[in-house]
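The primary structure of each chain is shown beneath.
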Amino acid sequence: MNPSPEISFSGEISKLKRRNIVIALCRILLNTGLIFLAICILIFIIQKASVSNLSDSVSWVIFSIGISLAAALLLGFLRRDKFITTLIDIDRRLRLQDRISTAYEYYKSGKKTVFSDLQIKDAAAKLHQLSTKQMLPVKFSWLHLLLIFLIIANGALFLSNYLSSEFKLTRTDQNKLDGAGELSRNYAVNRLESKKEKKKNRQNSYSKELEHLRTKLNDRSITRDQLITRLDRFLKDVQGEQTRLATELGTKLKAAEIDEMPIQTIPKLENLSLNQLEKLKRILNRALNNQIPDSINQNIKALQELYPTEERLSQMIDEFYEDHSDSDEVAGSKYDNTRPSTTTHGLKKPFGDTEHSKIKGEVLNRNRGFEGRHGQPVPEQRQEIDRDLKDEFGSQPGSSSTAGSAPSDRKKKAKNELAKSSGIGTQDKMKSSQGNNYLIQIRSLTAIGESELEEKDIIRSYRKEIEGVLQKEEIPLNYRGYIKNYFISIGLKADKNADGLN
Amino acid sequence: MPMDLIKQVDSIRKNFDTVVSELSKIIVGQDVLIKHLFTCLLCGSHALIEGVPGLGKTLIVRSLSKILDLKYSRIQFTPDLMPADILGTNIVKEDSNGSRYFEFYKGPIFGQLILADEINRASPKTQSALLEAMQEDKVTVFGTQYHLKPPFMVLATQNPIEMEGTYPLPEAQLDRFFFKLRVSYPDHQELQKIIDKTTEDYQYELKRVIGADAILEMRSIVKLVPIATHVKDYAIRLVLASHPDNANASEQTREYVLFGASPRGLQSLILAGKVSALLDGRYNVSIEDINDVAKPALRHRIVLNIRGETEGIDMDDIIDEIMSKVQA
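Chains as they are written, first to last, in our numbering: chain P, 1 to 502; chain R, 1 to 328.
Note that these hints are calculated values from the structure, not bench results. Treat the hints loosely; a few may be bogus.
Claimed, not checked - Simulated pairs of lysine-lysine, DSS-like, Cα-Cα distance not exceeding 30 Å:
| no. | chain 1 | residue 1 | chain 2 | residue 2 |
| --- | --- | --- | --- | --- |
| 1 | R | K7 | R | K25 |
| 2 | P | K15 | R | K232 |
| 3 | R | K223 | P | K121 |
| 4 | P | K82 | R | K138 |
| 5 | R | K25 | P | K108 |
| 6 | R | K7 | P | K126 |
Given the sequences, and given the hints that come with them, work out the whole structure.
Here's what the structure looks like:
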């Protein structure tokens, strides 16, 4: 039994409506895709222009999809066609001569004419002959073409972006790296300044202490033992500082995995020719901007002549010590307890020094104290002078092995060298710490009591010059790697040990 | 009812086919003209047939009158033709008692199928005598109204206006014609057939196939044919586009048209579209039906301006442009 024309027509219309909804959804998806891909290209352009870095955010991608979907829905809503329009389009396209649309209009409105049933029946028959795909085909429009183009464009952009990120830095990455470099540079500068400040503070404290000691030395009211005790305490402090520095250096070298490093040795002054001494003088002149104090500006040859005098003084000190050995037994035993810390500091085998050398060390320490009083113990300036010396006389890399594991060649040069270089006292001290030995060089450029100028003027002048040199100082090339590694290691631990380091 | 309706629709098509086959006995070609004449018959309206002399205008109408079982009248319009010659007049008569009285003598208008041959050769005054009859199917003579017997149909022929000795029909008169049909010049094959049929011993006999009742019955069906809103809308936009001051008017319309089509033009479009649909075997009017009847329904209702007249603008070109411009 055939269904009535109205039921048949209604069924066909329902099929068409379902198909129409599917097509509308496809169109919305198409528009969503188009808008989203267009936004992706826009984001890529914005990112390349470094206006903003949006693509990293997943939420932004979701937001883009949301915007695209909303826009497509709005577009679909605004451009939605009435179903009768779809039917009219079907009539036109399939040359149905407005059968379907007229029948639907009369069917929908319920108009009853003598032709209604005939017309609906005619339309249903026509609809039945056609498939829904024929009536509502999926058309390949320019929007599909645009979608393909956008997909290709996005793919190309993604590939180019991916490849460029693999082999070269983007502008953003470059900016990041530049920023990181700037931060690390600032951090290193701050650290350097902080270190300098600390060092300066420490030097100031030592200077004050030396000044205090000098006052005490001039004070005739205190006994010799008290004086020696104070000197010894100060020496312990200084050597304690040296120990700390050596430990720190050892730690840094270990951190930098440096087992051996060349040690620059100072040429022996007694072996220098006159020509070399003249060169040395020129170096000193250059280092001090041609303002060498008169105490230094002596004939170096004359200074060399002072060597026998110094020898003699040394002998006198030895004799003096021997004369008072009994009375100073307590002090000597105390010395024995403290001296190792000042010279060997627990080394299994110290330098093999005798008491003579110990006393001599005290004298030298006095010289060093005087040196400090003149504001001379500035390592940076010494490095400068070392460089000049190295340039002029050639460096003699020492054979100091792994820090503290073997005796240095200090023995070869320390005693004689320091003795001969009156006024320019140079001492290599071997400092051990937990089995690690380091060579610490402390030198003086002035001689006690030889200056014709006022001491204060000399100190002021020296400080001024030294500060100037410090300001101009540059990090030597061969130390840059170590310094860089040091700061890198600090940087890695900065978060954890910030308080401790500072 | 549907079964009867189907039969009635079928009978319309059958009658049309019969008319065409009968006319084809004497008329060569002119299929479109015959279809449009049949459309006018079913719509209960009148047609103006235009063409140069010798194309068979009169022959077509005369043949049609023989096929249709209708009372046929022929009025040959001449410059001296008077309205009374068309409508009729009162004449004085004398009875057996010798008393005289007026008796209305019916003119040729009192037929069912009227051939107004060369209508533009008569003066406008005479032409206007047809106005009431064509519009209201009645005539008024000396204050007395006389109803015309349905179906009443005027088929007028005219020569092109630019020919000598013609009077252009007034717009009001033209508007009352449902269609203005043009008789096209026969092509080579048609001319061959014309020669064969007219110069040889060709015998033919036209049969009366459709009576007045059948025509009236068909007319009653035509108006019931459904038409969709969008098709009506299209017809309206076509008519509106024929007005030069309309926003959708074409360029030619603005340039050459003085007046656009009247509402009668729209009525003609719709009704003729319905007949066209029925003749095509459909139960609804389509855009194609409207387009099919647009030219005959509108060409005499659009009035050219001076520029259009002097430049000899063909009205069909303007209508073609209007149809192409108006979105279906």
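Checked hints:
1. Among the hinted pairs, K7 (chain R) with K25 (chain R) is consistent with the structure: their alpha-carbon atoms are about 27 Å apart, no more than 30 Å.
2. A hinted pair counts as satisfied when its Cα atoms are at most 30 Å apart, and K15 (chain P) with K232 (chain R) qualifies at roughly 28 Å.
3. This hinted pair checks out: K223 (chain R) and K121 (chain P) have alpha carbons roughly 20 Å apart, not beyond 30 Å.
4. Using a Cα cut-off of 30 Å, the hinted pair K82 (chain P) and K138 (chain R) is violated, with the two alpha carbons roughly 48 Å apart.
5. Restraint check for K25 (chain R) and K108 (chain P): the C-alpha separation of about 47 Å exceeds 30 Å, so the hint is violated.
6. A C-alpha spacing of about 21 Å is found between K7 (chain R) and K126 (chain P), which places the hinted pair at or below 30 Å, so the restraint holds.
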